[in-house]
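Trainee: Just need the whole structure built from these sequences, with the hints factored in.
As they're listed, the protein sequences go chains A and B. Here the first sequence is numbered in the numbering used here, starting from 676 and rising by one per residue. Here the second sequence is numbered in the numbering used here, starting from -4 and rising by one per residue.
Worth double-checking, as some hints may not be accurate.
As the list claims (entries may be wrong) - Listed next, with one range per pair, are the computed distances between beta-carbon atoms:
| no. | chain 1 | residue 1 | chain 2 | residue 2 | range |
| --- | --- | --- | --- | --- | --- |
| 1 | A | Asp686 | B | Pro31 | 34 to 42 Å |
| 2 | A | Asp744 | B | Leu319 | 43 to 51 Å |
| 3 | B | Lys320 | A | Pro739 | 49 to 57 Å |
| 4 | A | Asn758 | B | Ala69 | 24 to 32 Å |
| 5 | B | Pro313 | A | Asp744 | 14 to 22 Å |
| 6 | A | Asn758 | B | Lys320 | 58 to 66 Å |
| 7 | B | Tyr286 | A | Pro739 | 33 to 41 Å |
| 8 | A | Glu733 | B | Leu294 | 32 to 40 Å |
| 9 | A | Asp744 | B | Asn257 | 49 to 57 Å |
Keep in mind the hints are simulated off the structure, nothing from the lab. Note that the Cβ used here is the ideal one computed from N, Cα and C, for glycine as well.
Residues per chain are reported as follows:
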Amino acid sequence: MDGMIKVTVIDREGVAHELDGPTDMGMNMMELCKSAELPVEGTCGGMAMCASCHMYVESETDLPEKSGDEEDMLDEAFVVEDNSRLGCQLHLSEALDGLVVRLAPGG
Amino acid sequence: MIQTDILIIGAGPTGLFAVFEAGLLKLRCHLIDALPQAGGQCAEIYPKKPIYDIPAYPSILAGELVDRLMEQAAPFDPGFTLGERADAVEKDEEGQFIVTTNKGTKHRAPIIAIAGGLGSFEPRKPPVPNLAHFEDRGVEYIIKDPQFYAGKKVVISGGGDSALDWAIFLSDGVAKEVTLIHRRTEFRGHLDSVQKVMDLAAKGKLRLMTNAEVVEAHGEDHLTGLLVKSKDEGMVELATDHWVPLFGLSPKLGPIADWNLNIEKNAIEVDTFDYSTNVPGIYAIGDINTYPGKLKLILCGFHEATLMVQSAFKRIYPEKNLVLKYTTVNGVNGF
Chain A
676 MDGMIKVTVI DREGVAHELD GPTDMGMNMM ELCKSAELPV EGTCGGMAMC ASCHMYVESE
736 TDLPEKSGDE EDMLDEAFVV EDNSRLGCQL HLSEALDGLV VRLAPGG
Chain B
-4 MIQTDILIIG AGPTGLFAVF EAGLLKLRCH LIDALPQAGG QCAEIYPKKP IYDIPAYPSI
56 LAGELVDRLM EQAAPFDPGF TLGERADAVE KDEEGQFIVT TNKGTKHRAP IIAIAGGLGS
116 FEPRKPPVPN LAHFEDRGVE YIIKDPQFYA GKKVVISGGG DSALDWAIFL SDGVAKEVTL
176 IHRRTEFRGH LDSVQKVMDL AAKGKLRLMT NAEVVEAHGE DHLTGLLVKS KDEGMVELAT
236 DHWVPLFGLS PKLGPIADWN LNIEKNAIEV DTFDYSTNVP GIYAIGDINT YPGKLKLILC
296 GFHEATLMVQ SAFKRIYPEK NLVLKYTTVN GVNGF
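Mentor: So this is what it looks like as structure tokens:
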């Protein structure tokens, strides 16, 4: 469908949720997870200031580089891996179609 | 014992505006906040970020919004208990609430308004097994008195200013040995602090382990060692007397969860008629409450605070009639 992408979010119990993400609403992965009632806190509301939307990218999707803010904020997350990202900094666009992420522990 | 009319838990924008609206009705307020300053998330998380949806302010910095709310509340002389978390609530024989903080400060009021946002800000704890067992037995999340570490082996984790500053301070003849562990090679703290840490590490006064994180804590009654997973050195066992993880603060609903209030998904259920909770005399306003159609906006918190104080007035003075008075007609008459 035009303006919609499919992404998969694996929750902390290992259950995969396939979600439809609109690309025309300025949404990001943190917001998409919250709208699907997945356990992502997004405490700061998406300003890369709380690290509560930490997730691992499990697909080979070509993603925009991490900003300095995002890299700094990951310092306050735990179990950070090379594929760690903050969901709030992954803006839904065609480029994210087929993205698979796994929610980081805690929250 | 601190006595007031409305005891507000949480000194963020909603709590501060409640002081103003209560003041217009001649009700006094006192605020409790776990953070050392007023302003809540606006002051703690994003003081330098602009907010664009405050009516009549096309753009205002969050920190500036807090300053203006403080100024607006000032004529009504609110009291503050800052740096303390509201822990316990009980009722006395006169039906007033007594709220005690984690430091033992007691407050008495006929009305409680919980404006706690996402909860009280508490240190973020690393997901290390048995961590709770070692709390205050070698694991501390805040350095209260640096002399506590005199002659001890200390490991600090984190990459921000507090981790850097304490590593520098403790390695200057205070602790016996200081190790700073950080998950990457770059630090987000001030450049001169980063340089100082690098210099101290080069001189051998501080052990710096980057690309590393603590994965296990070891010991019997007291911490004796940490297992560190390092990308460069593999698994490393470090002998230490103390570990201070400094990963910033995150909000937790905390003890309020045990106040017998109806809670749904970490938020307090309220009646939108007056934002009252299921416990008569306790209200919840701002981001901490929930109701059908709830939006977590400062704007909505202001509205909720305004309706809440009307209802609080009627509870305190059931015999008095309340007439809405416009500030434009009467001005603001402080205490």
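Trainee: Measuring from beta carbon to beta carbon, are Tyr286/B and Pro739/A in 33 to 41 Å?
Mentor: Distance hint for Tyr286/B, Pro739/A holds at roughly 38 Å.
Trainee: Is the gap between the beta carbons of Asn758/A and Ala69/B within 24 to 32 Å?
Mentor: violated, 50 Å
Trainee: Honestly, do Asp686/A and Pro31/B meet the 34 to 42 Å range at C-beta?
Mentor: Holds: the Cβ-Cβ distance is about 36 Å, inside 34 to 42 Å.
Trainee: May I ask you to test the hint 49 to 57 Å on the CB atoms belonging to Asp744/A and Asn257/B?
Mentor: violated, 38 Å
Trainee: Looking only at beta-carbon atoms, does the pair Glu733/A, Leu294/B fall within the given range of 32 to 40 Å?
Mentor: holds, 38 Å
Trainee: For the pair Asn758/A and Lys320/B, does the Cβ-Cβ distance stay inside 58 to 66 Å?
Mentor: Holds, since Asn758/A and Lys320/B (Cβ atoms, about 59 Å apart) stay within the stated range.
Trainee: For the pair Lys320/B and Pro739/A, does the Cβ-Cβ distance stay inside 49 to 57 Å?
Mentor: holds, 54 Å
Trainee: Okay, Asp744/A versus Leu319/B on CB: inside 43 to 51 Å?
Mentor: holds, 45 Å
Trainee: Could one say that the CB atoms of Pro313/B and Asp744/A fall in the range 14 to 22 Å?
Mentor: violated, 52 Å
Of the numbered hints listed earlier, those contradicted by the structure are 4, 5, 9.
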